[in-house]
Amino acid sequence: MELKGKLAIVTGVSKGIGLETVKILLNAGMVVAGWGRTNNSIEDENYHFFKTDVADWDNVQASSKATREKLGKASVLVNNAGFGVQGLIHEMDVNDWKAMFDVNVHGLFYCTKLAVPDMIAMEEGHIVNISSIAGTNGVETMSGYVGTKHAVTGIGHSIFKELRNHGIKVTTIYPGSTNTHFFDKIAFANANEHMMRPEDIAQTVLGALQTHPNYHVVDVEVRPLKPKG
0 MELKGKLAIV TGVSKGIGLE TVKILLNAGM VVAGWGRTNN SIEDENYHFF KTDVADWDNV
60 QASSKATREK LGKASVLVNN AGFGVQGLIH EMDVNDWKAM FDVNVHGLFY CTKLAVPDMI
120 AMEEGHIVNI SSIAGTNGVE TMSGYVGTKH AVTGIGHSIF KELRNHGIKV TTIYPGSTNT
180 HFFDKIAFAN ANEHMMRPED IAQTVLGALQ THPNYHVVDV EVRPLKPKG
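The sequence shown begins at 0 in numbering that gives the first Met the number 0 and counts up one residue at a time.
Worth flagging that the hints you see were computed from the coordinates, not collected in a lab.
Check before you lean on any hint, since a few could be wrong.
[Claimed, not checked] In the DSBU-like style, the derived pairs of lysine-lysine whose C-alpha atoms are separated by at most 35 Å in a straight line are:
| id | residue 1 | residue 2 |
| --- | --- | --- |
| 1 | K112 | K3 |
| 2 | K160 | K97 |
| 3 | K50 | K14 |
| 4 | K72 | K97 |
| 5 | K3 | K227 |
| 6 | K227 | K160 |
| 7 | K50 | K64 |
| 8 | K64 | K14 |
| 9 | K69 | K227 |
| 10 | K50 | K72 |
| 11 | K160 | K3 |
| 12 | K22 | K64 |
| 13 | K225 | K72 |
| 14 | K160 | K112 |
| 15 | K97 | K14 |
| 16 | K69 | K22 |
| 17 | K97 | K64 |
| 18 | K160 | K69 |
| 19 | K3 | K50 |
| 20 | K97 | K3 |
| 21 | K22 | K227 |
| 22 | K97 | K69 |
| 23 | K227 | K72 |
| 24 | K64 | K112 |
| 25 | K69 | K225 |
| 26 | K3 | K22 |
| 27 | K225 | K64 |
| 28 | K3 | K14 |
| 29 | K112 | K97 |
[Unchecked claim] Quick list of the computed label-pair ranges, beta carbon to beta carbon:
| id | residue 1 | residue 2 | range |
| --- | --- | --- | --- |
| 30 | M121 | N94 | 35 to 41 Å |
| 31 | K64 | H193 | 22 to 28 Å |
| 32 | T135 | E161 | 18 to 24 Å |
| 33 | G4 | G206 | 39 to 45 Å |
| 34 | P226 | D43 | 18 to 24 Å |
| 35 | Q60 | H165 | 33 to 39 Å |
| 36 | N38 | R196 | 27 to 33 Å |
| 37 | E139 | K160 | 18 to 24 Å |
| 38 | E42 | G4 | 29 to 35 Å |
| 39 | G71 | T135 | 21 to 27 Å |
Ideal placement from N, C-alpha and C gives every residue a C-beta, glycine not left out.
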């Protein structure tokens, strides 16, 4: 897709992969609508922040309407917002479990549901879902988070088949350990320099977007080469 001048919506833009994705899409000449509960420090005439809780259907509808009225139709949606809570299945707090599904799964659905009609009308679009290698296997003490990311895998694989004939691509990216704040409350790992950089995940997003119209990157699994240094 030719990206210059087109609109991208990116969720979860305050830090980490979302922040770096905003930066790299701006550098590629896109207009970016950042959706998140918290903004970042980017100051760019082509960056527009819309305070959004993706877990709240009414809030997402309001942000979608405001974005469309101010910036037009989005050609790209990057579903990045997400979080994980660690815990054994029998000790997991019910509210934490529900919150993960509300953000990681329902939020992705809400944003995608509202973006797709405009992409169908334009006969062009690209949805990128930031999943995790937790979307491909089990992880002890992370069953809730893993469950949400397996859901993202299934949704992505299903909707690319629904949307491909409308000229819309759906790509799911499965990062391994990445140096972000995700690990702040995870007991078995700490963010460190041997993990992947969030800007490299953002570069992977850009690479998928820049492909030929008839070239569809469906799944991308990325891992650190030397996770222990």
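Tested hints:
Note on K112 and K3: the hinted pairing holds, with a Cα-Cα distance of about 24 Å set against a maximum of 35 Å. At roughly 28 Å between alpha-carbon atoms, K160 and K97 fall within 35 Å of each other, so this suggested pair holds. Distance restraint check for K50 and K14: the Cα-Cα separation of roughly 14 Å lies within the 35 Å cut-off, and the hinted pair is therefore satisfied. For a cut-off of 35 Å, the pair hint linking K72 to K97 stands: about 31 Å separates their Cα positions.
Using a Cα cut-off of 35 Å, the hinted pair K3 and K227 is violated, with the two alpha carbons roughly 39 Å apart. At roughly 38 Å between alpha-carbon atoms, K227 and K160 are farther apart than 35 Å, so this suggested pair is violated. Distance restraint check for K50 and K64: the Cα-Cα separation of roughly 13 Å lies within the 35 Å cut-off, and the hinted pair is therefore satisfied. For the hint pairing K64 with K14, the CA-to-CA distance comes to about 24 Å; that is within 35 Å, so the pair holds.
For a cut-off of 35 Å, the pair hint linking K69 to K227 is broken: about 46 Å separates their Cα positions. Straight-line distance between C-alpha atoms of K50 and K72 comes to about 18 Å, which keeps the hinted pair within the 35 Å bound. Our distance criterion of 35 Å between C-alpha atoms is met by K160 and K3, whose separation comes to about 27 Å. Proposed proximity of K22 and K64 is supported: the alpha carbons are some 24 Å apart, at most 35 Å.
Of the pairs offered as hints, the one joining K225 and K72 is violated, with about 41 Å between alpha carbons and a cut-off of 35 Å exceeded. The hinted pair formed by K160 and K112 meets the criterion: a straight-line CA distance of about 15 Å does not exceed 35 Å. Taking the CA atoms of K97 and K14, the gap is near 23 Å; set against the 35 Å cutoff, the hint holds. Distance restraint check for K69 and K22: the Cα-Cα separation of roughly 20 Å lies within the 35 Å cut-off, and the hinted pair is therefore satisfied.
A hinted pair counts as satisfied when its Cα atoms are at most 35 Å apart, and K97 with K64 qualifies at roughly 27 Å. Simply put, K160 and K69 have alpha-carbon atoms about 31 Å apart, close enough for the 35 Å limit, and the pair holds. Between the alpha carbons of K3 and K50 the distance comes to roughly 25 Å, so the proposed pair stays at or under 35 Å and holds. Proximity of K97 to K3 is assessed by CA-CA distance (about 38 Å); at most 35 Å being required, the pair is judged violated.
This hinted pair checks out: K22 and K227 have alpha carbons roughly 28 Å apart, not beyond 35 Å. At most 35 Å may separate the alpha-carbon atoms for a hinted pair to count; K97 and K69 meet this at roughly 33 Å. Distance restraint check for K227 and K72: the Cα-Cα separation of roughly 44 Å exceeds the 35 Å cut-off, and the hinted pair is therefore not satisfied. Taking the CA atoms of K64 and K112, the gap is near 13 Å; set against the 35 Å cutoff, the hint holds.
Note on K69 and K225: the hinted pairing is violated, with a Cα-Cα distance of about 44 Å set against a maximum of 35 Å. For the hint pairing K3 with K22, the CA-to-CA distance comes to about 14 Å; that is within 35 Å, so the pair holds. A C-alpha spacing of about 44 Å is found between K225 and K64, which places the hinted pair above 35 Å, so the restraint is violated. Distance restraint check for K3 and K14: the Cα-Cα separation of roughly 24 Å lies within the 35 Å cut-off, and the hinted pair is therefore satisfied.
For the hint linking K112 to K97, the alpha-carbon distance of about 20 Å falls within 35 Å, and the restraint holds. At about 39 Å, the beta-carbon gap between M121 and N94 stays in the expected band of 35 to 41 Å. The given range of 22 to 28 Å is broken by K64 and H193, whose C-beta atoms sit roughly 43 Å from each other. For the pair T135 and E161, the supplied restraint of 18 to 24 Å holds, since their beta-carbon distance comes to about 22 Å.
Checked against the given bound of 39 to 45 Å, the beta carbons of G4 and G206, roughly 19 Å apart, lie outside it. A beta carbon spacing of about 34 Å between P226 and D43 contradicts the range 18 to 24 Å that was offered as a hint. The beta-carbon spacing between Q60 and H165, approximately 22 Å, falls outside the hinted interval of 33 to 39 Å. Checked against the hint of 27 to 33 Å, the pair N38 and R196 fails, with Cβ atoms roughly 22 Å apart.
Separated by about 32 Å at the C-beta atoms, E139 and K160 break the suggested range of 18 to 24 Å. At roughly 20 Å, the beta-carbon separation of E42 and G4 lies outside the given 29 to 35 Å, and the hint is violated. With their beta carbons about 36 Å apart, G71 and T135 fall outside the hinted range of 21 to 27 Å.
Going through the hint list in order, the structure does not satisfy hints 5, 6, 9, 13, 20, 23, 25, 27, 31, 33, 34, 35, 36, 37, 38, 39.
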